[in-house]
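A.B. asks: Chains as they are written, first to last, in the numbering used here: chain A, 1 to 271; chain B, 1 to 145.
FYI, nobody ran anything at the bench for these hints, they're computed from the structure. By construction, the Cβ of each residue, glycine as well, lies at the ideal position given by its N, Cα and C atoms. Please note that the accuracy of each hint is not assured.
Claimed, not checked - From the derived model, a few chain B residues whose C-beta atoms are all more than 10 Å from chain A: (1) C11; (2) H35; (3) R62.
Said to hold, decoys possible - Lysine-lysine pairs mimicking DSS-like chemistry, simulated, CA-CA at most 27 Å apart: (4) B/K79 to A/K208; (5) A/K72 to A/K101; (6) A/K101 to B/K79; (7) A/K31 to A/K186; (8) B/K125 to A/K72; (9) A/K72 to A/K56; (10) A/K56 to B/K88; (11) B/K82 to A/K56; (12) B/K10 to A/K163; (13) A/K106 to B/K125.
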Amino acid sequence: MTNDEFAFFLGCLIPNRLPAIEKASRLVCDKLGIRLYDMDGASCCPAPGVMKSFDKNLWLKLAARNLQISEKMGYDLITMCNGCYGTLKDASMELKEDKEKLSDVKETLNRLGLSFENVPNVYHLVEYLYFDYGLDRIRETITNKLNLNVAVHYGCHLLKPVKYRRSENFEVPQFFDELVEITGAKSINYPEKSTCCGAGGGVRSGMKDVSLEIAKRKVASIKGADCIVTPCPFCHMQLEQVSNIPVLYYTQLLALAMDIPKDVLGLEVEL
Amino acid sequence: MLNSIHSCMKCGTCTGSCPSGRVVSFRTRQLVEEHCLGEIDLDDIAIWYCTTCYNCMERCPRNIDITDDILRIREEAYKQGKVLPQHKDIMSYIYRTGHAVPINEEIKDLRESLGLSRIPPTTHKFEEALGIVRLLLEEGGFNDK
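Bound-form chain A, shown alone (with noise of 0.2 Å):
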């Protein structure tokens, strides 16, 4: 278990394209007592939808570069992104089930002057903020209720593969509806909710217009939503791009209803 402390794993997206996601993150785990460390040196987690359909042994090498860092810091990892989770959780969890792979990753990095040893934990921030930090702690740090109906996204790697995640219930999800709640805003149910935003698997990179109709028939789903919450800045970019209403990432509307002002956030919203 964790002490509220964490080597704070990065990725691509966030810091390289959607920073004040990583802003509002920084500044939220701050009020609630949450410590992130910077993982020096960490990189691409490795993206799952490319490196993980071209090479599995090398994917989980550079999955494990990244899961050395945190282990060197001695915490364990969090991340803020569906698909480094999904990597990183799912990379995690195999080199602990398999000390076979396990041994080839260690005698690799090894040989390239890293030492491996443990494999560290890995969390995604959302999940950790329900099911150990708890709503109730979070809840104290809640002084501004927001009037919004919100249309929840929880995109597909935060729930699956669900013998790696500790949400049980993939098909009708509840805890990030929770967190969401806590804030004052309503969760709307809408057609699609479950569906996929269509970015993950190389198909937003190979095939853009694939990609985006499955967006664009998610988000037309949507009816009476303010905006839309997401846990991943994949989906966020996704559904942002096909979107009439604004799209927030989870710590960006926690923020808002810690009344955090919106120009330390960067955000340019209307709500």
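We have chain A already, so just place chain B on it with the hints.
C.D. replies: Coordinates of chain B only, in the frame set by chain A:
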């Protein structure tokens, strides 16, 4: 790995659960069956339509690891050099910068205006770490050509 596919009862739950299958001609059950029979066409663009949402795999009543199988099909395609140029570009970005999506000047400015470090503390800042990422990629047979 594919033995379990022989227990497929062709119910079509996988095809019906696929988000891509709703917008393009991608039939999950057919793909997995072709793989099982060794009749897969690795040049078929369909193998790249999967978003890896895992719906098919989680809902399969026979517990066939369908999404994992599709990834293995793609791995075979990669070994034969049958990949999309856009995906190869992403591999190149990772090789050159450590990131599938590297930073640019506009985002550096934005980071600074938000009070974040101009360069994130990743391989963008630490050359030695990038060197190890490159070695791993080279050992895995990837060269940036």
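A.B. asks: Hints first: check each against the structure and report whether it holds.
C.D. replies: Hints, one by one, checked against the model:
Non-interface status of B/C11 relative to chain A is upheld: no Cβ of that chain comes within 10 Å, the nearest being about 17 Å off. With a closest Cβ-Cβ approach of about 14 Å to chain A, B/H35 is found to remain outside the 10 Å limit, as its non-interface label requires. For B/R62, the non-interface assignment is confirmed: its Cβ lies about 16 Å from the closest Cβ of chain A, beyond the 10 Å cut-off. For the hint linking B/K79 to A/K208, the alpha-carbon distance of about 24 Å falls within 27 Å, and the restraint holds.
Taken as a hint, the A/K72 and A/K101 pair is honoured in the structure, with Cα atoms around 20 Å apart against an allowance of 27 Å. Distance check on the hinted pair: A/K101 and B/K79 sit about 21 Å apart at the alpha-carbon level, within 27 Å; holds. At most 27 Å may separate the alpha-carbon atoms for a hinted pair to count; A/K31 and A/K186 meet this at roughly 23 Å. A distance of roughly 19 Å separates the Cα atoms of B/K125 and A/K72; the hinted pair therefore holds under the 27 Å criterion.
Among the hinted pairs, A/K72 with A/K56 is consistent with the structure: their alpha-carbon atoms are about 24 Å apart, no more than 27 Å. Using a Cα cut-off of 27 Å, the hinted pair A/K56 and B/K88 holds, with the two alpha carbons roughly 15 Å apart. Using a Cα cut-off of 27 Å, the hinted pair B/K82 and A/K56 holds, with the two alpha carbons roughly 16 Å apart. Between B/K10 and A/K163, the direct Cα distance comes to roughly 24 Å. Compliance with the 27 Å bound is thereby established for this hinted pair.
About 25 Å separates the Cα atoms of A/K106 and B/K125, which keeps this hinted pair within 27 Å; it holds.
When the structure is compared with the earlier hints, no violation turns up for any of them.
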